[in-house]
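Here the protein sequences line up with chains G and E, keeping their order.
First residue of the first sequence: 240, per the working numbering; consecutive thereafter.
First residue of the second sequence: -15, per the working numbering; consecutive thereafter.
It is possible that some hints are incorrect.
Label-pair distances were calculated between CB atoms; the ranges are [as the list claims (entries may be wrong)]:
{"#": "1", "chain 1": "G", "residue 1": "K378", "chain 2": "E", "residue 2": "Q(-5)", "range": "51 to 61 Å"}
{"#": "2", "chain 1": "G", "residue 1": "Q354", "chain 2": "E", "residue 2": "D321", "range": "50 to 60 Å"}
{"#": "3", "chain 1": "E", "residue 1": "A135", "chain 2": "G", "residue 2": "Y329", "range": "19 to 29 Å"}
{"#": "4", "chain 1": "E", "residue 1": "E40", "chain 2": "G", "residue 2": "L380", "range": "47 to 57 Å"}
{"#": "5", "chain 1": "G", "residue 1": "H381", "chain 2": "E", "residue 2": "A334", "range": "20 to 30 Å"}
{"#": "6", "chain 1": "E", "residue 1": "E327", "chain 2": "G", "residue 2": "P454", "range": "36 to 46 Å"}
{"#": "7", "chain 1": "E", "residue 1": "R265", "chain 2": "G", "residue 2": "D532", "range": "27 to 37 Å"}
{"#": "8", "chain 1": "E", "residue 1": "R448", "chain 2": "G", "residue 2": "T492", "range": "54 to 64 Å"}
{"#": "9", "chain 1": "G", "residue 1": "Y329", "chain 2": "E", "residue 2": "M259", "range": "42 to 52 Å"}
{"#": "10", "chain 1": "E", "residue 1": "L325", "chain 2": "G", "residue 2": "T495", "range": "11 to 21 Å"}
{"#": "11", "chain 1": "G", "residue 1": "P454", "chain 2": "E", "residue 2": "L346", "range": "37 to 47 Å"}
{"#": "12", "chain 1": "G", "residue 1": "S466", "chain 2": "E", "residue 2": "I405", "range": "54 to 64 Å"}
{"#": "13", "chain 1": "E", "residue 1": "S229", "chain 2": "G", "residue 2": "I364", "range": "50 to 60 Å"}
{"#": "14", "chain 1": "G", "residue 1": "Y329", "chain 2": "E", "residue 2": "K268", "range": "44 to 54 Å"}
Here are the computed lysine-lysine pairs in the DSS-like style, where the Cα-Cα straight-line distance is at most 30 Å [said to hold, decoys possible]:
{"#": "15", "chain 1": "G", "residue 1": "K378", "chain 2": "E", "residue 2": "K363"}
{"#": "16", "chain 1": "E", "residue 1": "K223", "chain 2": "G", "residue 2": "K320"}
{"#": "17", "chain 1": "G", "residue 1": "K587", "chain 2": "G", "residue 2": "K659"}
{"#": "18", "chain 1": "E", "residue 1": "K372", "chain 2": "G", "residue 2": "K327"}
{"#": "19", "chain 1": "E", "residue 1": "K372", "chain 2": "G", "residue 2": "K344"}
{"#": "20", "chain 1": "G", "residue 1": "K320", "chain 2": "E", "residue 2": "K3"}
{"#": "21", "chain 1": "E", "residue 1": "K80", "chain 2": "G", "residue 2": "K327"}
{"#": "22", "chain 1": "E", "residue 1": "K68", "chain 2": "G", "residue 2": "K378"}
{"#": "23", "chain 1": "E", "residue 1": "K223", "chain 2": "G", "residue 2": "K344"}
It is worth saying that the hints were derived from the structure and are not from the lab.
Computed from a predicted structure; not experimentally measured.
Ideal Cβ placement from N, Cα and C applies to all residues, glycine included.
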Amino acid sequence: MSALVSGRTGDWEIVIGMEVHAQVVSNAKLFSGSSAVFGASPNHHVSLVDAAMPGMLPVINAECVKQAVITGLGLNAKINKFSVFDRKNYFYADLPQGYQISQFKHPIVGEGEVQIELADGSSHIIGVERLHLEQDAGKSLHDQHPSKSYIDLNRSGVALMEIVSKPEMHSAEQAAAYIKKLRSILRYLGTCDGNMEEGSLRADVNVSVRKPGEPLGTRTETKNLNSVRFIMQTIEYEVQRQIELIEDGGAVTQETRLFDTTTGMTRTMRGKEDAHDYRYFPDPDLLPLNFDDAFIADLKKDMPELPDEIKSRMVTEYGLSSYDANVLTEEKEVAAFYELASAGRDRKITANWMSVELFGALNKAGIDLAQSPVSPEQLGGLVDLISDGSISGKIAKEVFAEMFETGKDAKQVVDEKGLKQVSDEGAIISMIDKVLASNQDKVDEYRSGKDKLFGFFVGQVMKASKGQANPGMVNQILKQKLDT
Amino acid sequence: MSDLLKMTATQAVFSLSQKEISSIELTNAYIDAMETTSALNNYVTPTIEIAKQMAENADKAYAAGSAGPLAGLPIGVKDLFCTKDTQTTACSGILKGFTPTYESTVTSQIWQSGGVMLGKLNCDEFAMGSSNETSIFGPAVNPWSAKDGAALSAGGSSGGSASSVAAGSALMSVGTDTGGSIRQPAAFCGVVGLKPTYGRCSRWGIVAFASSLDQAGPFTRTVGDSALIFSAMAGHDSKDSTSASVSVPNFSDVVNSSVEGMRIGIPGEYHMDGMDDEITRIWKQGRSWLEQAGATIVDISLPHTKYALPCYYIIAPAEASSNLARYDGVRYGNRVDAETLDEMYEATRAAGFGEEVQRRILIGTYALSAGYYDAYYLKAQQVRRLIKQDFDSAFNNVDAILTPTTPTAAFELGAKISDPITMYLNDIFTVPANLAGIPGISVPAGLSKQGLPLGLQLLAAPFREDRLFSVASAIETQAQFSLAPARAAGELS
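Looking at chain E on its own, in the form it has when it is part of the complex (with noise of 0.2 Å):
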């Protein structure tokens, strides 16, 4: 029982299917450790009765020889996605107690794969932050520790994805990155993260934060984890007018491809003045990994990376004032009762909106606004197509990008929540690939001199998700990153 904790989704498959384990049993030491590691706060609403239930029918189809590819593995799920009759929050205070009637498309197909829901993971509020500190449930936190033992930030948006991950309170999780949301969390707690091209994965029923940028994925302890549910999450969805009509194959088989030949592109604008030296490292370490993998290294120019952040926070800003108008006292929700229709809907989003959902709003309606319209969101729009135009240009040339995830390790809660400006900052090397619509993937790459985990990321074409899971895996393999974060579930540390 206590290897339960440590095995991969890929090892727990097999021994599932081999029957040396039942999902009941695996299951149960999850619910455990979510209980032991209840101080992270990874979870916000768990949903044991239901994880029971799942891993029982898991059980049953291995037993019937009829398991879907994840039969009896425990998930979690970033509480942006919507579950049927299990509270979703977006981790507001407008939503709180609201309970869907309906299930978002990428968790059913989960759920159809046999997966086992663990429960509702925490998040910044409508995923809007960096460090995970604007949820309404307070701050999910990074089961790593800095050596003077200051609590640090799960990263976020999707930081309790992350941290449930690598604390070993989830085998798996999934969440959504809208600009890096996915990819700077998994940096930060020493795990894996993907986010697909857009439009690989629907985003029905998932609370939309900026539509055009919004993509779901998984994070992960391994690179082969990562593809085995990716295949599960993807797909064709006639719901998502976004969602591309592509064929998805089965990533798993290509995972450990070799990289021999590949061309690995180096963008110059990444570095930035004043990086820290480690990052600098890592990346540097990155890149002869690759090249001692038989990868040839190329120096490109993404000369618009620069303008990438500023644009981001217009956009996305500009979408988000748009999609959370919804939440208005008047159908659902929060309301908080006035006199005139135009009091309730001040005090009900005055009072159901935190501060960081309210600025944003604030800065898409200002950016939308008659008089500025060409100024901002139109001229973002337009510096947005040459970001794409970059990268299309970079693919003609390789086969994959290398940079680091993020700017810094991760940093001691309450550090940046102060200064949004710092706070953005944390997204300037995971923004472009949400502008461009490109998958990107974080995999954890070493240690930093604190302890703290480090994480390179990876870019590719759109579609060519295959391309980063080779090339993440030749990286996994060099970096031999162990998980072993100090406050994770007793047998993981």
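Excised from the complex, chain G in its bound form (with noise of 0.2 Å):
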């Protein structure tokens, strides 16, 4: 099924791939021993060979080789037990080599797919043509001098590893939901941050639009869009502009566009014409990667569980929801929360806590879940008093507040605001039977049959308690006062 979008001459398919770029994490370069972490002052994590001087050779880290490999595995890829690094040759000033290594014929990573879900329940699966390693390039500034540009070379490289979908995808939001999951993936994995802010996951997207069963059409490539928003309003505006370019008799041009995050537009940046001719060949400074079954079965023994294995086991398991279930795997650090909290008590509580009042309080004061003042063993802590009846739900959105506020255990709260449900039967009794006496006429309304006044009798009593009353006992008991 794919979204179609309407012109003025009919309905238009879009059709969208995207290649992109995931820094490995790893301690060290690609090919040399520098420091690969990000945020040193300009040009401080460079070596001799990051530098490209005369002489200097590459040597692989073995270490971006595993997290390829890991990743292809996440991916449900093939791996390619060989595999060949090619220069790809081209000169800019932050390329220090005049070429950069990277994998063009025989990649490391074969095909695998990627598992989607979209708002409307849907799954989609949008496979992985390939997975390679390559070299990052180093960073050019042109804000520091009015004629000169600067050069910073801690990132020249950095591995890299580019990974390319089929173009399986059929909407903005599809494409989005691919980049998240991506992004989801590399996270659980370890093989990269995904943080698209630093530069660490960007994507190169690109888009082309035909009419239903007709061949693909020309596409344009819009380069290293840095977050889910640019990447939707990237494929929103090409494929407006395509349509209406073709719509009016012409044709789109295969290009390479820029993205203006000012005006949501993207423009030209080079036509197929200045296209580079890359020459690429393989590296003879490098041989051909080669590992054998055993490295790869090493590499699968320690992968960690995955977001879809995750979500299926809380869905079978746990009882959740799918959609809860979603919310709570998107990102590996709120699962591993979410499981600490839910450990051992109310599964499907403990996700409503954290996915309604957590995350809605975390959102208002604008801080992430690492920074989030009430830990895993805090939030179970208030599930058990929901639980065993200590307290009713309305009472713990109190006292959840006052956790959040000041960090406290939510016993400590209930005690010190002596907030504990009040679930002595006496009591109770007692409420109820003064609601009862100064609400008569309301008593003999509801049993002359107008049954929906009971909801109003239980709200009086739970005033009365000022909402301490066990809401459980005082159903049940003002069910047997009024029908007696």
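Assembly of the complex is requested from the two constituent chains, each provided in isolation within its own frame, with the hints serving as guidance.
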């Protein structure tokens, strides 16, 4: 199924493919011993190899190879035991060697897949064409001097995984779900930190349109998008632009485009005629990568549980809804928090409290889960008090607010504020008797058939107890009194 | 003192260890010879102070009984090896003034073994050339003179390395060989030149020409000296992914082992049309020497030989076009300023690279271009595999192969520089070994009618340099070649 877009001349189908560049989590760069950590002052993480000094040679970092294989396994992909590093030749000031070492004909990982879920509950498989390892370039700084550009080589040589999807996405929503899911998988695996703002994860998006059933249209590639929002905006803009262009009698040109974050529009970066001839050839400084089944099996053994597996466990074992399970597994940290908070207690109640109250409060405070003033154990403590009837759901909200404010345990808040639920039968009976006595007219109406008034009596009793009466007991005793 | 320059390295090590001479004496003799032979233009950056310091250290090491295998031996280094704090230019305008902060693996192993650095030696620009005439410093000159007295090429690309050893301004030297750049100048200058197995010596810190072909090796006056210095140069280096993890024997032990019973192949394809009679003569001479020494001569075929040169002139420039992209004026070396980045690249590279280097960059760029890659580069790699297979099957049958090193003796400076194809033909016998990654050695075998040295080449299976040394020393013993170039340092000639 694919969402169609209507134009003046009929419906259009959108075809989207994505090339994602994911920075590999590793201490050192792909072919040198320099640190790959983000944020050092310019040119402080640069070795002789990174600066392409004469006579310097690349040596593969085995850790990065492992990370690529782990990622391949996480994408259910074919792992290629034989792969080759090629040189991609082009000149740019922040590319010291004059070529990027990449993998062209023989990538380390072949075909795989990513499963995505959309808001309408539908689920889709998006094919992955390949994953290969390559070096990042340095950074050109054009705003430091009126006439000169500065070059920062800290990023030069850092390992990237380029993950190429098949052209199997058909809406901006699908594309967004794909990049989010891919990011989530990478973060679970610990092979990329997924930090889009710092550029650890960025996407080139290929978009084309066609009339349903027709061959693929000409595509454009928009480079270097570093947020889900920009990806969606790019697709929406490109789809409109291309449809209008074709419907006005024009044609889409195959070209590379740039997204302008201020206008939300894309513009031409370079046309096909200016496209580089990269003159790929196998890098003679490096031997082909060869590893055996045991190497893969070893990595497989230590694979963490992935979001799809956790999600299905949450649905079948914990009884959570598919929606809740999705929310709780999108981020590795959220799933881990939830598993801790809900261990040994009511999974569903914990899920509700986490996704509604905790996330709501975090959102409002503008902080993320890592900074939550309420720990998983503390949230669990609150759920315990609800489950054993010590407090009602309503009181729990008040308790939670206080916990979030002060970082105190639920039990401490309840004790200090005297919020413990009243489950003393005598006390509840006496409250009920008072309410009934002062509302004799309503009692008569109820007994003559106006059932709906039951809720009114419950409300009055709860009000009288300042919300602390055990609602289950109130219901039960009220019913007895009114119906006899 | 007068005999100092005549000593072989092996003799010098003995005299040094017996305290008959000191390293500083020996080194000073060579420093004087560098001065008196300066017209040969061998040294582009002499390092006199460093040499004296290293010689003093060597003398201390002998005194302390901690001398390494090369302690006190004066050695010159091709200007393609990066040397810490000493200018390294690859004899190119684009790197003039470039001083590395690091030392190549091969040279640092030599210094660790006690070698004394005399200076940096002339070569073709980025090792691209067969006559040393593409050097920004002008050509290194051959110490040998033809009877008519014209100045001769020392060969190339390691012209300065060969000429200095022949002229007595270096006891030994190191060079690199991508298509014959050690063996051809060694033959032209009448010295021993070894191109080791690809992967035997680390390429780390050597300015790259063609990565899959480049290999460092020594120039010496005798086969024994070659084994001595080579043992110090070779070995696995984790900084070079193509360096082989193969143990290094002490090659000095095998130099004089007998060739009796060895099988020596003579490849029919190396009989080239129009080859000098003198070359044919010396080749036959070598064959009979080895027979006399007890070896069995076997006629063999290397059927793809004729494709080696065109194949080489695709692969080497292709790799070079990419390897030389880093000389862009951005980080080091010379820059010619311009308005835009692209203009800066163009101006810098046009001014910095000489004609031959530019030609090879263009050939290589073309060979790798979309639409031509399959027809040129890919095809050349396929041919390369066939050439390798030729040698593999030959070495199933023979222990070594005997060929001439070059199709002619040394030619006059200026004779071929304007005709690149004729110049490239010089490498016809040496290029196959680089393509196959096998070791080769050129050993002086005699003189031409013009009185110029002629070399014989021996080839062996990968990592069998030991066989090269024993066969080469058999030829050396019978050839009785005596080093007597007209333009050598006084006491040598």
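Now the hints, each set against the structure:
1. A hinted range of 51 to 61 Å holds for the C-beta pair K378(G) and Q(-5)(E), which are about 58 Å apart.
2. The hint said 50 to 60 Å for the Cβ distance between Q354(G) and D321(E), and at roughly 55 Å that hint holds.
3. Between A135(E) and Y329(G) the C-beta distance comes to about 43 Å, which lies outside the given range of 19 to 29 Å.
4. The supplied range of 47 to 57 Å is met by E40(E) and L380(G), whose beta-carbon atoms lie about 48 Å from each other.
5. At about 26 Å, the beta-carbon gap between H381(G) and A334(E) stays in the expected band of 20 to 30 Å.
6. One distance hint, 36 to 46 Å for the beta-carbon pair E327(E) and P454(G), holds here, with the actual separation near 42 Å.
7. Judged by the Cβ atoms, the range 27 to 37 Å given for R265(E) and D532(G) is violated: they are separated by roughly 59 Å.
8. Range check, R448(E) to T492(G): about 59 Å between beta-carbon atoms, so the 54 to 64 Å window is met.
9. Distance hint check: the CB atoms of Y329(G) and M259(E) are about 44 Å apart, consistent with the given range 42 to 52 Å.
10. The hinted window of 11 to 21 Å between L325(E) and T495(G) holds, with their beta carbons roughly 18 Å apart.
11. Checked against the given bound of 37 to 47 Å, the beta carbons of P454(G) and L346(E), roughly 39 Å apart, stay inside it.
12. For the hinted restraint 54 to 64 Å between S466(G) and I405(E), the CB-CB distance of approximately 57 Å keeps it satisfied.
13. Between S229(E) and I364(G) the beta carbons are some 44 Å apart, a value that contradicts the proposed interval 50 to 60 Å.
14. Between Y329(G) and K268(E) the beta carbons are some 53 Å apart, a value that agrees with the proposed interval 44 to 54 Å.
15. Straight-line distance between C-alpha atoms of K378(G) and K363(E) comes to about 37 Å, which puts the hinted pair past the 30 Å bound.
16. Among the hinted pairs, K223(E) with K320(G) is consistent with the structure: their alpha-carbon atoms are about 23 Å apart, no more than 30 Å.
17. Taking the CA atoms of K587(G) and K659(G), the gap is about 22 Å. The hint holds against a cut of 30 Å.
18. About 27 Å separates the Cα atoms of K372(E) and K327(G), which keeps this hinted pair within 30 Å; it holds.
19. Note on K372(E) and K344(G): the hinted pairing holds, with a Cα-Cα distance of about 24 Å set against a maximum of 30 Å.
20. Only pairs whose Cα atoms come within 30 Å are accepted, and K320(G) paired with K3(E) is rejected, the gap being roughly 58 Å.
21. Our distance criterion of 30 Å between C-alpha atoms is met by K80(E) and K327(G), whose separation comes to about 28 Å.
22. About 29 Å separates the Cα atoms of K68(E) and K378(G), which keeps this hinted pair within 30 Å; it holds.
23. Our distance criterion of 30 Å between C-alpha atoms is met by K223(E) and K344(G), whose separation comes to about 26 Å.
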